[in-house]
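Q: Protein chains in written order, with full-length UniProt numbering: chain H, 1 to 360; chain S, 1 to 360; chain G, 1 to 360; chain Y, 1 to 360.
To be clear, the hints were calculated from the coordinates, so they are not data collected in a lab. Check the hints yourself; a few may be wrong.
Identical chains blur together in the list; that is why a pair holds if it fits in one copy or across any two.
[What the hints assert, rightly or not] In silico PhoX-like pairs for lysine-lysine, Cα to Cα no more than 25 Å straight-line: (1) Lys114 / Lys264; (2) Lys281 / Lys263; (3) Lys16 / Lys358; (4) Lys16 / Lys84.
Protein chains: 4
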Amino acid sequence: MKAIIVKPPNPGAEVKDIELSQEVKPGQVRIKTLYTGICGTDRGIVSGKITFSRPQENASELILGHEAMGVVEEVGEGVERFKKGDLVVPVVRRGCGICLNCKIGRPDFCETGKFVEAGIRGLNGFMREEFVDDVMYLVRVPEPIKDIGMLTEPLSNVVKAVDEILNIQNRMIWTCGDSTYECRNALVVGSGPIGTFFSLLLRTNGFNVYLLNKRDPSPTEAYIAERMSTTFYNTTQGLEKLPSADVIVDTTGYPSAFLPLLKKFKKNAILVLFGTSSGDKVEIDADLVTFFVENNIAVVGSVNASKEHFREAVNYLTLWKEKYGSLVPRMITSMVSPENGPEVVSKKIPGEIKTVIKWS
Amino acid sequence: MKAIIVKPPNPGAEVKDIELSQEVKPGQVRIKTLYTGICGTDRGIVSGKITFSRPQENASELILGHEAMGVVEEVGEGVERFKKGDLVVPVVRRGCGICLNCKIGRPDFCETGKFVEAGIRGLNGFMREEFVDDVMYLVRVPEPIKDIGMLTEPLSNVVKAVDEILNIQNRMIWTCGDSTYECRNALVVGSGPIGTFFSLLLRTNGFNVYLLNKRDPSPTEAYIAERMSTTFYNTTQGLEKLPSADVIVDTTGYPSAFLPLLKKFKKNAILVLFGTSSGDKVEIDADLVTFFVENNIAVVGSVNASKEHFREAVNYLTLWKEKYGSLVPRMITSMVSPENGPEVVSKKIPGEIKTVIKWS
Amino acid sequence: MKAIIVKPPNPGAEVKDIELSQEVKPGQVRIKTLYTGICGTDRGIVSGKITFSRPQENASELILGHEAMGVVEEVGEGVERFKKGDLVVPVVRRGCGICLNCKIGRPDFCETGKFVEAGIRGLNGFMREEFVDDVMYLVRVPEPIKDIGMLTEPLSNVVKAVDEILNIQNRMIWTCGDSTYECRNALVVGSGPIGTFFSLLLRTNGFNVYLLNKRDPSPTEAYIAERMSTTFYNTTQGLEKLPSADVIVDTTGYPSAFLPLLKKFKKNAILVLFGTSSGDKVEIDADLVTFFVENNIAVVGSVNASKEHFREAVNYLTLWKEKYGSLVPRMITSMVSPENGPEVVSKKIPGEIKTVIKWS
Amino acid sequence: MKAIIVKPPNPGAEVKDIELSQEVKPGQVRIKTLYTGICGTDRGIVSGKITFSRPQENASELILGHEAMGVVEEVGEGVERFKKGDLVVPVVRRGCGICLNCKIGRPDFCETGKFVEAGIRGLNGFMREEFVDDVMYLVRVPEPIKDIGMLTEPLSNVVKAVDEILNIQNRMIWTCGDSTYECRNALVVGSGPIGTFFSLLLRTNGFNVYLLNKRDPSPTEAYIAERMSTTFYNTTQGLEKLPSADVIVDTTGYPSAFLPLLKKFKKNAILVLFGTSSGDKVEIDADLVTFFVENNIAVVGSVNASKEHFREAVNYLTLWKEKYGSLVPRMITSMVSPENGPEVVSKKIPGEIKTVIKWS
C-alpha cells in the first residue's frame, strides 16, 4: 500500500509502496485511513530539525503522520466497542508502562520518557492507506463531523492545555461572581490552527478572547474571529488597546513574542506555553521575578493529551459544527492527494490554516 | 508607649513614644506585644527601597513590624474565643472586601490590590508595646512554643507556597508508588529563615531536600541541615553532584541564581518563585520555552498567606519543637531590646538567621 | 398580559390577565417568553403538596414557571452582552447575598436558605408573555437549539449533579486505565426527562448507562434509549441481568426503588439522590452501614444549579442536536397554549416525557 | 518466638511458640516488636464474628495483630532509608497490584478486593516478638513519641476519613469567612479511641467538636475532652442542647445511634460512616431522602488508610505530644504482657480506652 515515509534524522519524505501485512489480532481492528492532517511537527521531522524523531525498533524508515481519521474495516476477535463502518481517530502517544501516570492512562505526563508516538518516534504513523490498532487507542467519531474529525488530534492537545489552566487556577476563586468565566480575558498569541482552537475552546468556556498576530487577519481568519465573537488583534499597532489579561497562551515558542505581553497581566494570572521554536533570545530581569511573586503568577508548559482529551475534542468539534456551521470546516484550507504529501509536508501553502491529505 | 516608626517612602526608623490610646471595642482584644521578628521587607522599608510602603490614611508615620506574637491583656464584649493570658499572632494582610478571594478569607489572592498590610502599607504594625485587634485577625499559639511563636508569620507564607505546589501538581499523579512524596527531590535556593522553613516543611511532607547557597554552611546552618536530614550544598562546586529535581524553590529573587538549576529538572517539575530582588539580569532563549513545553513544567510565584496558613504554621512549629527540640529556637540568632530596633532593622547582624525584638 | 398564577399554599392555577408594567432599568433586558416547560415542582405547587412555595413579598399571587426560554425585546442602558433578538434562558435561584457560596455565584449551595426561586418561592416566574430581568441572570442560547432551549433549566440541575459525582470521586483514581470513564457502569432509576438527561450526560462522559423503570419502555423511550446506546431495563424481571454498578442515580425519591439496587454496588461507588417524594418507608440495618464503610461508598443529594451549569447545559443541548438529531426534540411530547396551561400543570398527559407551553 | 495466633473462622486465641525463621532479603529489615494495640477487629476475629479473616495461603493459623510499633534490628542489602535502632510502624493493607488505586499506592481504595491485611486476612500480623518487612511498608516514628507510636495505625484510618471529608466538601466553599474551619461544628458519635482521635483531629483542623455517648464521661474521658477543648455530650439528656452540625461522624456502626442526629444537619453537611456492627435496624422514609436532596447532604463510608496517612498520623501524634502533653498517653489505659494477650483480646477491660501488649 501507499505510505509517506521519512528516514529520521535525515531530512526528506517520499511516497512509497510498502508491504506491511498486518494481521488483526484479538482486541484489534483494521482501519482504512480517510484523512491525515499536517502539522509543524511533521514538517520539523521532514526538515530534519526535530532531532528526537526515530523509526520503530529494527526499522530504518518511519511512516509519518499522527493526525488521522479512518473507518473501521475489519474487527478482531472479542471487540465489542467498534463495528465495521465506525469512524475512529487513533491516539498518538502510547505510554511507557512503568511510571504511575502511564499506568493510569496519562502518558501525556509520562515521567520516564520511554513512550512511543505514532508517526513521530518509535512507532509507525498513519500516512498510509490502512493501519491496524488496539481498540484501547481508538476514539469514536460521530458521522456529522466526518469532514473535520481529523482535527481531533490537534484539538486534543488544546483541550489538555485548557484543562491545565483550569486545574491550576483552582488554587483560588477564579470564576466570576456569577460562577462563569465571563469576566476573564485571554490573549492567544499566534493565529494558526492551534491558536484558533485555543480561542474557540476558551470562548466556549466563557472567556473573552483576543487572537494576536503581528499582521492583519486573512479574510478566512477575519471570518473565523468574527463568527466566534473574538477580536483579531494586530500587535504591530502597540499593546495599548489590549485589555488586561487573566490568561496568555503562547502558540509560537518565541519568548520575544509573548514576554512583552506580560505587562498586561492581572494578579493571579497564568501564562500557558504551548509553542516550540528555537533561536530566539530575550533578556529577563529580577523585576519580572518580583512581579511574578507579588502577583501569584503561574506558568505552565503543556504537551500532548490523554485519550479522554481526544473524546472531549470530538465532543467540542460536534458542538461547534452545530453552533458555528462552516467555521471549523473552513480551517481546512487545502485537501491534497497522498502523491502531493511530500510536497505539502515540506513547505507551507500560502494562506494555509490546515492542510489535509485525503487517502480514500 | 514605645514604638518603632518609619516615614515611607523616606528611609530611616526611630524609637518614639507614641500616644495611641485604643479602646477595646466589642469583638476586639488588647494585646501586649512579646516579640517582633525582623525580615527583609522591614529592611526594605527602612532603606527606602520598598516603594509601596505607606502610613495609615491621614497619618504621616507608620508603625513598623508584621512578624509578631503577643499575649491577650483585655478582652472586649462578646469575645468568647480568647481570654486573658492567651498567646496570639496577628495576621498581616487584611482584604479589600470587594473581590471574591477577599470575601472568602483569601486576601493573599486579592485581585484588586486594595488590601492593607500591618506594618507595611496602610495599617500600623506591631513594633510597639501593645495593640488592639479584631479577633478574626488573631491566631492562637500554644504555650510550648512561646519562644518561637513570632516565627509563625514568615512560616505561614511558606505554608501557602507549599500548598500552591501540592495544589498545582495535583494536575497529575505526583505522589510516589507508596502514596508519599519520598521519591521527590527539592532544591531550595537560599539558606536564610525562609529557605530553612521551606526545607523543614518539604522534609515534613516527605521530600528529599537540598538547601543551596554559594558558600559553605555556618555552624548553625550545618547543625540545622543535619538535624532535619537535608543536605546543605555549596553551589560554587558545580551542580554535578545535585540530583535531578522535582521542585526548585527560589528564595533569593535573583534569576541568575535559579536559572542554571533548571537543567536539573525532571519532567512535570515545578519552580516556585518566592524571593524578590532587583537589578539582576539574565538571557533566556526559545530552547528553554521548548523545554518547559515538552516536559509540562510549571512555575508559580507565591506571596502572603491566609489565616488558615497561620494556623497550620503554628501546628508545624509545635510539631517541630517536639521532633527537633532546639532546631527552630536556634534559628533566632539575636534577641534585642526595642531601643536597638532601629539599628538591627537597618543592618543585618553577621551570622544572622533571624533577629527578634523582645518587647516585654 | 396573560400569566399563569397560583396562590400557594392553596392548590389550583389559573390563566389571568395581569398588569405588571416593568420598566427596563440599566443592566436589564425585557424578554418575550417563547416557551415554558412544566415539571414536577410546578405540579407540586399546583396540587398544594409543596409547602415551601410562596409569592413575592407583599403579593398574594405567584406567577408560576421556572423552565423558560425567551427572546430579548428591549435592552437597558449599559447592556453590552445582549442585543435585541438574542435567545436567552433565565436562571431560577437568586442568592441570599450573605453566605460565601452565594457571594461567589453558587446559590445552589446557599447556606442560609434565604434565596428566592423564580416561579417557586418569593419571586414571580416565567409563565407570562414577557418579563424583565438582570443580565447577570441570563444565559444565551444559540439559534440551532431554539426548539429545545427551554430544556436548559432541567438539564442544568443534572449537569450540577454529575459535577458532584466527578468532584467527589476525585477522592481516588476513578477513571479507567485509558483515562476515560468507559469502564464505569451507571444505573439511572426513573425514565422521565431527568432520568433521560442523566443517561445522556453520563453517556456523553463515557459511562455505560442502564435506564431503569418498573415497566417496559414506551416507543419513544425505546427509541431514545437505543439512539444513545443505553439499555432500558424493566426491573420487574429482577436485578440479575444488571451489571455491577459504579454509580446509581435515583430520580424517583422512593427509597424502596433504589435501596434494593445497592447490592449491585462495586467498591468506591456513589449513590446520587436527585428525586424527592414522600410517604415511602423502608428498613435499613447495620449491615448496610458496614457495607458502606468497608467499601468506601459515597452518597450525595443534589439540588439546583449555578449559572455555569446553565451554560454547560446549553452546550450539551447543542452537541446532542448535532450528534443525535431529533432525540432531544422528541422528549417534548406535547406543546400546548397558555390557556391549556392550568390543565396540563394539574395533571400529567399520558405518555408524557416533557410538556411545554408555547407563549408566542 | 512467642506469638498470639488465631485459627479463623474459629473463635479463640492462644500464645504459642512458633518457628518462623525469616531471612532478611535485600530491601527488607528485621523489626523487634515493642508494642501492639488491640482493637475491635482483633476481638471480632477472636470471637469468630468477623468472617472475612483468614490465614496466609497454605497456613492453618494466622498471627494476630495489626497495630504495632517496633525497632529496626537488622537491615537488608540496599536499604538506605532505615538503620538499626529506628522506630517504625508497619502499614496493614498491601495492595492487589492489579487495580489503578493499588498501583499508585492507595490500596485503601482497592477495587478488586484482592489485597491482604496483616493480622486480619491472608498475611501474618505483628503480635509476635519480631517480624521481617519490606521498607516500602514501613513508616518511621520519632523518638519523642516512642510511648504512643503504636497508636499510629488506628489514627491513620481517622486521618484518611478526615481527608475524605475535606476532599468531598471541596465541592463548594466550606471554609469560613476567615479561611479556617472555625465556624464548623462536628458531632462525633462514640467516645472510644477512634471517636477520641476524630475529635482531636477535627479540633486540630479548627472544628468545634462534640463527643457523644449515651452516658456521662469517665474521669479520663472528661479530662481528655476538656484538655482538647471539646464538649462531652450525654445524649440521654436529649439533643436540644447540641448545636446544628456540619459534620457527623459515626464510630459505632449503629444506625439507631446516628440517624436521630441527622435532624441537626445544616445545609451541605456530611455524614461519615466509620463504625461497623450488626443487628441494629431502623426505618427511613422518603422525607429523609428529600432532606438529603434539598440540602446537598453527602455521606461517605471510610475504611483503611494509605502509607501517607500513616506518615501524617505520626506527625499528628508528635504535635499532640507537644501541645497536650499526657493527653494521648492517657488513652492507653492498660499495658499487658503477651501472656495476657489472649485474655484481653477476648474481653474488654472495664474503663478501657486502648489496651496495649508490651513485647519487649
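Q: Now look at each hint and say whether the structure bears it out.
A: Okay, the hints, checked on the actual structure:
Taking CA atoms no more than 25 Å apart as the test, Lys114 paired with Lys264 passes between copies only; the shortest distance there is 19 Å, against 39 Å inside one copy. When the C-alpha separation of Lys281 and Lys263 is checked against a cutoff of 25 Å, the pair qualifies both within a copy, at 18 Å, and between copies, at 17 Å. For the identical chains of this complex, Lys16 and Lys358 are intra-copy neighbours only, at 16 Å inside a copy versus 62 Å across copies, given an alpha-carbon limit of 25 Å. Taking identical chains as interchangeable, the C-alpha atoms of Lys16 and Lys84 are never at most 25 Å apart, the minima being 27 Å within one chain and 58 Å between chains.
Checked against the numbered hints above, the structure breaks only hint 4 and satisfies the rest.
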